[in-house]
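A.B. asks: Sequence:
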Amino acid sequence: MSFLVAGLATGALMAQTFVMIGCLTAFFLLKNPPPNLQQTLSKYTPGTIVLGMVAAAYPLWGIIGVLMSFLFIAFQNGFPGGGLGSANLVYTCGVALAAVALAAPIIFLLKGVRIGISCLVVSAVLIYGWLLPLLAT
0 MSFLVAGLAT
10 GALMAQTFVM
20 IGCLTAFFLL
30 KNPPPNLQQT
40 LSKYTPGTIV
50 LGMVAAAYPL
60 WGIIGVLMSF
70 LFIAFQNGFP
80 GGGLGSANLV
90 YTCGVALAAV
100 ALAAPIIFLL
110 KGVRIGISCL
120 VVSAVLIYGW
130 LLPLLAT
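Take 0 as the starting number for the sequence shown in numbering that gives the first Met the number 0 and just add one per residue.
Since the hints were made in silico from the structure, they are not lab data.
Bear in mind that the values here come from a model prediction, so they are computed numbers and not experimental data.
C-beta atoms are modelled at their ideal positions from N, C-alpha and C, and glycine is treated no differently.
Hints may be right or wrong, so weigh each one.
[Claimed, not checked] Computed cross-link-like contacts, BS3-like style, restricted to lysine-lysine with a CA-CA straight-line distance of at most 30 Å:
{"id": "1", "residue 1": "Lys42", "residue 2": "Lys110"}
{"id": "2", "residue 1": "Lys30", "residue 2": "Lys110"}
{"id": "3", "residue 1": "Lys30", "residue 2": "Lys42"}
[Claimed, not checked] Label-pair ranges, simulated between beta-carbon atoms:
{"id": "4", "residue 1": "Gln37", "residue 2": "Asn76", "range": "47 to 57 Å"}
{"id": "5", "residue 1": "Val53", "residue 2": "Val4", "range": "18 to 28 Å"}
{"id": "6", "residue 1": "Gly84", "residue 2": "Pro32", "range": "33 to 43 Å"}
Take these sequences, add in the hints, and give me the full structure.
C.D. replies: Here it is, written out as structure tokens:
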């Protein structure tokens with residue numbers, strides 16, 4: 000049961016990080032949008048976009064946190080063994096690889112927000128790949 004609490008706690012922390020970094024990243028994206036997103040982004044005001052991000056962040060990242068805690072328990076049972084300060088090295092490396100793989104297309108397509116997306120990737124790896132295993136064990 001503690002792994003569920005750890006999943007919710009890390010989900011809430013990631014949501015807070017996403018709101019903090021995501022709002023700044025959205026500002027830079029809305030300030031100078033890429034041509035292929037310009038028409039879509041012009042339909043909404045910046046306040047509406049940011050409010051939607053904030054409203055969706057907490058439930059979404061909370062659900063992701065709980066799913067990641069179940070994934071950690073599965074990896075802990077299948078591949079026990081810690082490393083790099085984590086309770087499960089295979090899980091931590093898997094989280095890092097998945098985060099980089101999911102963010103790579105966004106980083107290459109949206110050049111103006113590379114720093115923000117990179118910060119979110121590093122935060123996700125640290126929160127879900129390192130902090131979640133420590134809290135769940």
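A.B. asks: It remains to establish, for every hint, whether it holds in the given structure.
C.D. replies: Verification of the hints:
no.	hint	in the structure
1	Lys42 to Lys110	22 Å, holds
2	Lys30 to Lys110	13 Å, holds
3	Lys30 to Lys42	14 Å, holds
4	Gln37 to Asn76: 47 to 57 Å	48 Å, holds
5	Val53 to Val4: 18 to 28 Å	23 Å, holds
6	Gly84 to Pro32: 33 to 43 Å	39 Å, holds
Every hint from the earlier list agrees with this structure, and none is contradicted.
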